[in-house]
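Let chain D serve as the given structure and place chain F on it in line with the hints.
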Amino acid sequence: MARILIVEDEKAINDLIKRSLTLVGHECGQVFNGLDAIELISSRPFDLVILDIMLPGASGYEVIREIKDTPVIFLTAKAKLEDRLTGLRIGADDYIVKPFEMLELIERVNAVLRRTKAEPATFEFDDISVDLIGKRVTKAGSEVSLTPKEYELLAALIAHRNVALSREKLIYLVWTYDYDGNDRTVDTHIRRLRQKLGLESRLKTVYKLGYRLEV
Amino acid sequence: MKLWQKNYLLTLALFLVFLYAGVFSLAFFSYRRSMNDAEETAKAEESYIARSFERDLSDMLSYGSGASADMLMRSYVRHYNENGICLAFVSGGEVLASSFEEAPAAYDEGSILRQSIGDERHIVISDPLEDVDCMLVFAKNIEGVYREFKSFALICGAAAVGVSLLLAAVLLPLLKKLTVPLERLEETADRISGGELDVRADESGNDEFASLAKSFNTMVGRVNAHMDELKKEAEVKQRLVDDMAHELRTPITAIRGYAEYLERAAVPEEERLEALSYIVSESDRLKRISEKILDSAFIRENEIKKERVRLDEALREAARPLESKAAEKGVSLELETSPCEVVGDGVLLSMLFTNLIENAVNACGEGGAVTAGCAEGTAFVSDAGRGMTKEQLSHITEPFYRTDKSRSRADGGAGLGLALCQRIAAAHCTRLEYASEPGKGTKVTVDLTALK
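Just so you know, the protein sequences line up as chains D and F, in that order. Numbered per my numbering, the first sequence spans residues 4 to 218. Numbered per my numbering, the second sequence spans residues 194 to 645.
Chain F with its partners taken away, still in its complex shape:
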């Protein structure tokens, strides 16, 4: 059952209960009161009749008139019968005089009873008289009072029923209208779950429904934003996987291809050696890629060590294995270090500098120059190499991105170095700042004072 239906039935039921209880009690009390009034009047009348009869009888006896008590009784009976009151004088079970067409069902000395006599309601009062061994039975017709009450009750009942019907009719659309915003909200929610993610609930008004709609919209917005984030994340991951598959496929293709070539073709010694050297160099490339992937995984999964690291020593250590490569390419590699200490992971920082210096060396042609240095917790690596455009700069930390595909592959890059560097920097609560200009060179700066 719907909320408005529940509300409707509940409200209607409660209202009806109270209405009819009110009407009923009103009728009940007014009935009691009219009956009491009628009874009081009857009692007063009876008392008056009894007292006046007693006085008349005693007068009659004291004056000694010839009339008998029976005659007096009969004249009383007759007189009051004309006024709508039935009287009877009863002595020891014998009726001395009576205007009753039908005897009352029950009467006793001193009793006041309400009972029907010949289909009409009466108040019957029995009163023993003084000075004479006799009882006066008084009966007054109260059918009129009863009828009056009955018609009053009827009017009240009819009014109550009328009011109920009116209420039922007015309450229905009112309550229905009250839950319309709820239905709209439901409709909106259905549309959103049906895929229309841009739909929002109507927030107009300032009742609970409006605030519910506001909360609802906020929730949908949040959920959408979160979903977008997840989608983006998934896309990045998918691209990483695609790139990785591509990166791995190339050396595997070469290794497999040359092996098959050697197996199937009769080749001269010179070509055989060339094919073998391709197999070796492409295997090395696979090895490098897998090492870099392992390094990335290592940084992602392990907390970094926090130790005091001599930055200048880390730089020198990082540069050492690259000296021969730089010399081979005809690139000068210079260090401008001043002693300083930072907090961080020495192994990772060395890895960071090695990668940065290697990139710098790769960016240079023959006769190029690479300078690495540090001072006061900040290290830099700069080169006078190719440099990068803004567009290229925005991509360089993506795994497998290369500014110049063919050339940097020839230099042996796996395309993972800067992605790794970024991770290491992030693990040290800092980031790499690049300044680069195409044709002029690149300078990478990293501020390592964030960790203390």
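Okay, chain D solo, but in the shape it has when bound:
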């Protein structure tokens, strides 16, 4: 969906970010030092830069100065409040502290992209097409009627596709905080989605964890 540049000198972490973001459909470029980052950003457009601060060559602060229009998320071990404030003040769109959770990373990346980038209007897989603006779903050309919650559950699964989400997480994403229902509600909605859209092979139950939409 979006082209994201990852600037992080630790190969293990750079790879990890790339894998996590690729899962949910982003296209990732990787650089391992500040100078390469500056060079690459000036030559190719990116939708988002994920930037470490302590980098060889040029620090994250120096890199962000060279970036004009691309949104930036700082991803760093500098956890102190003053570092976060500095990061946000010099123009970062968000600030993630290591160690981070995979879901947190994905959600923050998506949040920044929602603010800065026009999202694609539809998401398609197999014979299913989801109109993300009109909130309508068609299967093999004919519209499938979904309840609002069923649609929101599908949208959350699409946003986190290929990532297993726990029932608690789904409740949080779809029903928000004030919902006092239980895991059974999620199971019921998932079952209906599977039935209505024929997703038995795509919408997997992950043992002991939750559900994953594999596309």
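Be a bit skeptical, because a hint or two may be false.
What the hints assert, rightly or not - No farther apart than 16 angstroms at their CA atoms in a straight line, the calculated lysine to aspartate or glutamate pairs in the EDC-like style are these:
(1) D:K83 x F:D436
(2) D:K172 x F:E453
(3) D:K138 x D:E122
(4) D:K199 x D:D129
(5) D:K199 x D:D130
(6) D:K14 x F:E467
(7) D:K142 x D:D130
(8) D:K83 x D:D97
(9) D:K21 x F:E453
(10) D:K211 x F:E456
(11) D:K14 x F:E464
(12) D:K21 x D:E104
(13) D:K21 x F:E467
(14) D:K152 x D:D190
(15) D:K172 x F:E456
(16) D:K21 x F:E464
(17) D:K120 x D:E30
(18) D:K207 x F:E456
(19) D:K211 x F:E453
(20) D:K21 x D:E107
(21) D:K83 x F:D435
Source of the hints: derived by calculation from the structure; they are not laboratory data. All values derive from a computational prediction rather than experimental measurement.
Positioned in the frame of chain D, the structure of chain F alone reads:
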């Protein structure tokens, strides 16, 4: 109460006490003396009168003139009354002749008394006469002498009061001025405690206040220097903690991230193995960091052993575990040892050489060469690797510092090795000497002859 006020009141009080005591005793003695003088004069006069009366009476009796003793008495009384002296002749309680307008309150045979007669002070002398059964009562007015003394006392008192007032007025500003330096010092101290740490007291002059100001300034200087030291120390510690947090966060992020990735994503076997190998290698890194931190703590908290150590053997022992790593990297590792012995902790020295040799191997690319050796208590490790700039050299013993972040992490360094080496050297009362040139290599030398 302030010091100058205390001083002022005390000085004034003491001065007044002595002044008034002096004036009073002066007046007292002069009064006694004038009274005695007056008394002596009166006695002499009385004696003269009595003797001349006795002579006149005996003359009169022997010549047998018709005049009576009464007449003689009356003429004496009259005569001396004109000269301001009252006389009376008394016989057995009967007054024979008298010029007293008012009888004296008391008189007795042979007595000398001072008393008031009609509001004025007199000396009254009673003297029994010879040859006649009669007593002469003599009274002399001494009011004049008394008045004289009174005016003298008045002048003295007035002078004393005047002097006191003058002193009170002059002493006040003088004493106040004396403690001005003290007030200034207080003001300075207040400003310093208010945060103006650069303010210093005025040291001019050579009295006690000046030396106090000097001591004060020295103290403030010392305290400031100590504070700066503590601040620096705290900064170093804070940086160490920050660095350590950063160093620990990176592997933890990777381990946690890959574990979560494996948990949530359906990944092909190949990727799964790759993620697992990241988890293993990052766990190893955590382990290495924690070991180095423990080593540092160990050196900091324990006294080192002092034993005879064969330096060449320690070097060989230290190099052994690194041979395979050097071979893997294509780096040649050579030892140039000659047998020598030093005093120190064998385990720590091995740790020192292992760290130095490992750093040297890491600094080399393929085809590089590392040489370690010892002779006469001095050991060295040199490499023909990247070398370091002066700027880099000044940082290398800081914990977690790396000359080249990404590369030395790839080599598995925790960034703690040289900080550890420095501690070990310090524990052996020596230090590591670095000679390095970018692109040419580094040589570390350590002289271990300090401990005996």
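Structure-based check of all given hints:
At roughly 12 angstroms between alpha-carbon atoms, K83 of chain D and D436 of chain F fall within 16 angstroms of each other, so this suggested pair holds. Only pairs whose Cα atoms come within 16 angstroms are accepted, and K172 of chain D paired with E453 of chain F is accepted, the gap being roughly 14 angstroms. Distance restraint check for K138 of chain D and E122 of chain D: the Cα-Cα separation of roughly 13 angstroms lies within the 16 angstroms cut-off, and the hinted pair is therefore satisfied. Among the hinted pairs, K199 of chain D with D129 of chain D is consistent with the structure: their alpha-carbon atoms are about 14 angstroms apart, no more than 16 angstroms.
With a CA separation close to 13 angstroms, the supplied pair K199 of chain D and D130 of chain D stays within the 16 angstroms bound. The straight-line distance between the Cα atoms of K14 of chain D and E467 of chain F is roughly 12 angstroms, inside the 16 angstroms bound, and the hint therefore holds. With a C-alpha separation of about 6 angstroms, the suggested pairing of K142 of chain D with D130 of chain D holds against the 16 angstroms cut-off. Under the criterion of a C-alpha separation no larger than 16 angstroms, the hint pairing K83 of chain D with D97 of chain D is consistent with the structure, at around 15 angstroms.
Between K21 of chain D and E453 of chain F, the direct Cα distance comes to roughly 14 angstroms. Compliance with the 16 angstroms bound is thereby established for this hinted pair. Proximity of K211 of chain D to E456 of chain F is assessed by CA-CA distance (about 10 angstroms); at most 16 angstroms being required, the pair is judged to hold. Proximity of K14 of chain D to E464 of chain F is assessed by CA-CA distance (about 15 angstroms); at most 16 angstroms being required, the pair is judged to hold. Taking the CA atoms of K21 of chain D and E104 of chain D, the gap is about 14 angstroms. The hint holds against a cut of 16 angstroms.
Straight-line distance between C-alpha atoms of K21 of chain D and E467 of chain F comes to about 14 angstroms, which keeps the hinted pair within the 16 angstroms bound. Among the hinted pairs, K152 of chain D with D190 of chain D is consistent with the structure: their alpha-carbon atoms are about 13 angstroms apart, no more than 16 angstroms. The suggested pairing of K172 of chain D with E456 of chain F holds, with an alpha-carbon distance near 15 angstroms, which does not exceed 16 angstroms. The hinted pair formed by K21 of chain D and E464 of chain F meets the criterion: a straight-line CA distance of about 13 angstroms does not exceed 16 angstroms.
Note on K120 of chain D and E30 of chain D: the hinted pairing holds, with a Cα-Cα distance of about 15 angstroms set against a maximum of 16 angstroms. Proposed proximity of K207 of chain D and E456 of chain F is supported: the alpha carbons are some 14 angstroms apart, at most 16 angstroms. Taking the CA atoms of K211 of chain D and E453 of chain F, the gap is about 14 angstroms. The hint holds against a cut of 16 angstroms. Between K21 of chain D and E107 of chain D the alpha-carbon distance is near 14 angstroms, which keeps this suggested pair within the 16 angstroms criterion.
Taking the CA atoms of K83 of chain D and D435 of chain F, the gap is near 9 angstroms; set against the 16 angstroms cutoff, the hint holds.
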